[in-house]
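*Asks:* Protein sequences appear in the order of chains V and C.
In my numbering, each residue carries its 1-based index in the first sequence increased by 13.
In my numbering, each residue carries its 1-based index in the second sequence increased by 611.
It is worth saying that the hints were derived from the structure and are not from the lab.
As the structure is a prediction and not an experimental result, all values here were calculated from the model.
For each residue, glycine too, the CB sits at the ideal point set by N, CA and C.
Check before you lean on any hint, since a few could be wrong.
Claimed, not checked - Among the chain C residues that face chain V by a calculated CB cut under 7 Å, a handful are: (1) Ala-644; (2) Ala-720; (3) Gly-764; (4) Ala-767; (5) Gly-845; (6) Leu-859; (7) Val-981.
Here is what each chain is made of, one letter per residue.
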Amino acid sequence: MSALPELRGFRRPGGGFGVRNRVLVLPSVVCATQVARQIASAEGAVGIVHQHGCLHVGDDLTHSEGELLGAATNPDVGAALVVSLGCETLRGKRLAAAIGERGQTVELVGIQAAGGSERAVADGRAAAARMSAELAAQEREPMATSDLVVGIDAGPEDELAAGLGAALADRGVQVIAPPDGLRGAEAHVSLARLGAQLLLSLPPAEEAPLGFAVVPVVAVGRDSELHRALAGDFDLILDDGATPEAAALVFERLIAHANGEETSAERRGARDFVLHRLAVTM
Amino acid sequence: MSPPSLTGYRRPNGGWGIRNHVLVLPARAAANAAAEGIVEGLDGAVAVAHEWVGVPGDPDTALVERTLAGFAANPNVAAVLLVGVSGEDEGLAALIDSRGQRLEAVTMAAHRGTVGTVEAGRRIAERLIAESAAAVRQPMPIAELVVGLECGGSDALSGITANPALGIASDRLVGEGATTMLSEVPELVGAEELLAARAVSPEVGRRMVQVVHDFERSVEALGVDIRGAQPTPGNIEGGLTTIEEKSLGAAKKAGNAPLTGVIDFAERPGPHGLYVMDTPGHDIEQMVGLVAGGCQIVAFTTGRGTPTGSPIAPCLKISTNTAIFERMEGDIDLDAGRVLDGSHTLQTMGEEIYEALLAIAGGAPSRSEVRGNREFAIRRAGRSA
């Protein structure tokens with residue numbers, strides 16, 4: 014067997030490593046997305062756009078808050094900037110406090126508290142610049158293959174996913190699956206919450222790949238007409254299933270993307286964020 | 612007083628728009644990056660990314676397709692470029708086409724994915740922009756105007772200043788033959804009988820009571836207490852105590868006109884009058900529903916202050932109190948708090964709102980347009996798949 018590939022990541026205070034090191038600009042509510050977008054255009058920042066945060070009820074509020082908290086404290090996130098409106102159900106202030114309690118660097122900008130969008134954008138850009146300057150000073154350090162957590166997103170009983178997952182586990186990678194049988198964009202959010210630093214996404218033959226703002230998605234297609242037609246949006250297409258050669262190739266690509274090479278989704282700016290909801294909005 | 616002159620764009624399908632957008636619409640989330648890439652740096656086109664994944668068999672498919680098609684067919688949109696993934700998205704294209712909207716479509720499968728789709732889509736979008744630039748404003752009958760009546764981030768003054776003033780504007784618009792639409796059924800709980808008493812027919816009155824009761828039953832079925840969500844934490848900090856108090860204030864946006872009809876989410880109203888659309892209270896989901904139902908402009912009252920706007924429709928924001936207007940002047944167009952300092956009566960404030968709506972309809976930009984607000988949300992009826 015060849016020597017272990019060199020893997021380098023960003024060491025996190027709580028132990029563990031991230032494979033990206035950006036400021037995540039996270040609106041606590043849809044009403045704050047335009048301000049968040051304008052802040053996230055700053056160097057070193059990446060933003061989430063979502064449609065949630067108000068009029069959640071019951072478990073759905075706790076769950077939604079947990080997913081946003083999980084995204085903000087994922088090891089690939091160097092620092093988080095919560096953008097709140099101020100009157101939302103999913104309280105930005107509480108979310109920012111919870112992020113800080115987990116040991117993550119966090120700042121909060123409130124649109125109502127700042128006195129409107131323009132001031133919130135200015136405050137937010139200043140905060141993002143401060144945090145991203147600190148992150149820019151951090152260098153990658155060697156990490157072990159066993160420090161790498163890969164979330165696999167695939168349909169139920171997917172043989173390709175099972176084969177690749179086993180091969181990655183054999184090489185020492187920690188492999189995790191999404192909870193509750195989630196898949197696709199919703200699974201990406203849940204896998205980020207579980208600490209995946211990289212996502213290996215294997216869309217079913219008739220589905221297109223999706224990107225994600227928080228964790229890089231390595232999209233692998235299969236022997237399918239649609240996947241071949243969308244070849245540019247995949248990082249790799251495997252025609253013969255999970256052969257040893259295919260598994261070696263996937264492992265090599267995962268290491269390269271972990272080391273910083275942009276995935277197809279990162280290059281084309283695909284940053285989908287789709288939240289799994291437990292109840293309708295009131 | 613005769614109504615001021617209104618201008619708009621007459622569409623080939625008979626509709627009237629007050630804006631002239633080219634809309635680049637992803638058929639599903641996998642096409643978001645392509646749609647956003649197409650409009651990047653392109654003046655005159657707007658893209659609307661969203662969270663609809665479109666898993667086959669999702670029970671919300673019909674609702675979401677009706678919403679997207681209605682939004683795309685809004686007369687403020689001169690032409691639509693639908694960005695699909697594959698032939699699977701032809702159903703949505705057909706739905707938009709059936710509304711007589713100018714439509715072009717491009718699919719990612721035909722262009723090897725996002726990069727090729729952006730190149731091909733950009734050429735089409737440029738052509739549609741040039742085509743739409745030929746449309747000219749002309750005098751528009753006020754009867755063609757459809758105005759959404761919304762409130763968000765309400766406070767204890769909402770039902771005293773901004774909402775009743777908007778109600779006066781709504782009554783005048785309806786009196787002149789225009790259409791206004793009240794929404795947010797959760798925020799009409801407790802006000803349903805008052806609205807039903809104004810219905811043009813017993814059937815419309817029954818439907819009004821029914822949508823509120825159906826909502827209450829759906830909440831019971833979830834086994835949750837609506838008081839966990841309504842009023843919101845911000846409403847409570849703003850002095851509102853119960854959902855009924857919030858509702859009685861919210862309903863004032865609809866003035867005293869007869870209730871002409873009660874319609875489904877994203878459904879188009881009949882000609883003229885005051886309608887209630889069955890939407891959630893969520894500011895953005897309901898605004899998308901109103902615009903998908905044909906509103907060309909939305910009047911939006913706020914006590915706590917919010918920057919909300921639609922990608923294709925101007926939003927006139929009216930504060931309930933002067934303090935929030937002064938704090939958020941860049942986001943809010945009008946201050947109805949002036950009713951409290953004696954400088955305005957509800958009547959003069961209502962007239963000012965009416966005139967501001969017509970000025971914005973005629974082309975003056977709303978604050979939301981200046982700021983580029985373009986929030987969008989997909990209404991789900993069931994758990995996400």
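*Asks:* Look at each hint and say if it fits the structure.
*Replies:* Hint-by-hint comparison with the structure:
no., hint, in the structure
1, Ala-644, "holds (4 Å)"
2, Ala-720, "holds (4 Å)"
3, Gly-764, "holds (5 Å)"
4, Ala-767, "violated (13 Å)"
5, Gly-845, "holds (2 Å)"
6, Leu-859, "violated (18 Å)"
7, Val-981, "violated (10 Å)"
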